[in-house]
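Please model the entire structure based on the sequences and the hints provided.
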Amino acid sequence: MRLLLGLLFTLAVAAVVGLGTTWLALSRGAAFGAVTIGAWTAWPRSGTRDVDPYARATIARSGELPIASGDGVAFVARTDDGGRPLDGRCSVVVSGTTPQARFWTLTLNDPQGRLIGNVLDRQSFTSQEVVRHADGSFDIVIAPRTRSGNWLPTNGAESYVLVLRFYDTPVGVATRAAREAPMPTITESCS
Amino acid sequence: MIRWLLWLLAGVLLGGIVHLVAVLVLPNTATQDAYSRLLPIAPVNAVAPVPQPSPQNEIMPFMDPAVAIAVCRYDLSGGPMKLSVPLSPAYTSVSFYTRRGIAYYAINDRAAGRRQIELQLMTAAQRADVPEDEEVTAADRLIVESPSNTGLILMKALAPEPGLMPAARAAIARATCQQEAGPAGTESR
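Those protein sequence lines, which keep their order, are chains A and B.
The numbering of the first sequence is the numbering used here, which starts it at 64 and goes up by one.
The numbering of the second sequence is the numbering used here, which starts it at 4 and goes up by one.
In short, the hints are calculated from the structure, not lab data.
The reader is advised that the hints may include incorrect statements.
What the hints assert, rightly or not - Some chain B residues well away from chain A (every beta-carbon gap over 10 Å; in silico): (1) Gln35; (2) Pro46; (3) Ala49; (4) Gly81; (5) Arg117; (6) Arg118; (7) Gln129; (8) Arg130; (9) Val133; (10) Arg172; (11) Glu183.
To be verified - Simulated DEER-style distance windows between Cβ atoms: (12) Arg242(A) to Leu16(B): 43 to 51 Å; (13) Arg124(A) to Leu16(B): 19 to 27 Å; (14) Arg118(B) to Arg152(A): 47 to 55 Å; (15) Glu148(B) to Leu68(A): 51 to 59 Å; (16) Ala128(B) to Gln191(A): 17 to 25 Å; (17) Ala75(A) to Ile44(B): 37 to 45 Å; (18) Val133(B) to His196(A): 48 to 56 Å.
We put the CB at the ideal spot given by N, CA and C, even for glycine.
What follows is the structure in structure tokens.
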């Protein structure tokens with residue numbers, strides 16, 4: 064009887080630990096080989112054959128297709144440079160310069176990867192259409208209410224992520240430091 | 004007391020194994036992975052345009068709204084595939100994925116360097132069957148080797164401004180992917 068109880072206890076612990084950690088790891092999007100520069104994180108290995116099993120499982124679960132290494136690289140930001148989660152009711156400014164790439168696009172998604180509707184029907188900016196300063200740097204304001212200049216509407220969504228994709232770029236698996244890939248700063252101000 | 008701790012330890016170890024097996028098995032059992040999502044709109048061995056993502060409807064999460072995509076769902080069991088993608092004005096790329104979403108190759112318009120991206124896709128076994136032809140060098144024909152029989156080819160054209168999206172979609176729509184009947188070496192350049 065004690066043997067049976069012990070076995071049942073072991074199996075129960077195994078199920079909870081095994082499936083619980085799996086669910087935790089995949090819902091948080093665990094993957095190895097992350098390249099983090101400021102608030103931006105990319106997993107360039109996910110676009111190659113060296114993709115790790117956690118990334119593969121996350122991708123299979125979400126239904127997305129990672130951008131291939133020969134195509135480009137995608138950086139994701141869920142917080143600003145100070146660690147505050149991006150909130151659509153506040154005003155977030157993405158400013159500065161970007162690493163070398165033929166084109167880049169900045170897209171606003173909800174945390175599940177869907178696009179958020181708004182009055183302008185604009186959910187992204189490309190490197191070609193963004194209005195720049197004389198030195199080539201830019202400011203993109205991501206806020207719920209109209210702004211002059213480059214404005215990306217949030218429509219008041221409480222939580223969102225920014226995806227910065229570089230196409231035809233040397234940034235990738237070998238990138239380690241910010242000086243190789245100067246990413247724009249993200250500053251959030253809630254009033 | 005010690006006995007229960009031992010049972011607990013056994014449970015945690017077994018849980019670790021369960022965790023690893025679950026992570027490794029999951030891609031093979033996923034019903035909502037990218038390949039399954041594209042199945043309804045993508046006939047096998049043909050180019051199908053992928054609808055632009057919108058807030059109401061997107062076929063996969065985290066799609067780039069500034070990029071027009073067409074997909075060729077390939078099956079090499081009937082022979083190698085020949086792919087031809089015309090270049091769009093701004094940026095064109097072709098990416099290759101296995102059935103489980105692993106990107107094993109990609110090429111963009113700068114690497115292709117011609118008016119269109121043309122290449123052949125075949126398995127390792129089919130490539131070994133390609134006869135050696137002294138007149139055709141490796142530079143004349145680009146052969147991509149697929150690790151598996153089935154997978155996806157994603158053809159992308161970037162629209163630098165929203166007004167240029169129709170041109171990007173039109174360029175991608177003219178792409179072709181077709182299965183070659185017979186040995187791959189019978190065509191001439």
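Here's how the hints hold up against the structure:
1. Gln35: violated (5 Å)
2. Pro46: holds (19 Å)
3. Ala49: holds (19 Å)
4. Gly81: holds (24 Å)
5. Arg117: holds (16 Å)
6. Arg118: holds (18 Å)
7. Gln129: holds (20 Å)
8. Arg130: holds (17 Å)
9. Val133: holds (23 Å)
10. Arg172: holds (16 Å)
11. Glu183: Non-interface label on Glu183(B) holds, nearest chain A Cβ at 24 Å vs cutoff 10 Å.
12. Arg242(A) to Leu16(B): 43 to 51 Å: Hint holds: Cβ distance 44 Å, inside 43 to 51 Å.
13. Arg124(A) to Leu16(B): 19 to 27 Å: Because 25 Å falls inside the window, the suggested range holds.
14. Arg118(B) to Arg152(A): 47 to 55 Å: holds (49 Å)
15. Glu148(B) to Leu68(A): 51 to 59 Å: holds (55 Å)
16. Ala128(B) to Gln191(A): 17 to 25 Å: violated (44 Å)
17. Ala75(A) to Ile44(B): 37 to 45 Å: holds (44 Å)
18. Val133(B) to His196(A): 48 to 56 Å: holds (54 Å)
Consistency note: the structure conflicts with the earlier hints numbered 1, 16.
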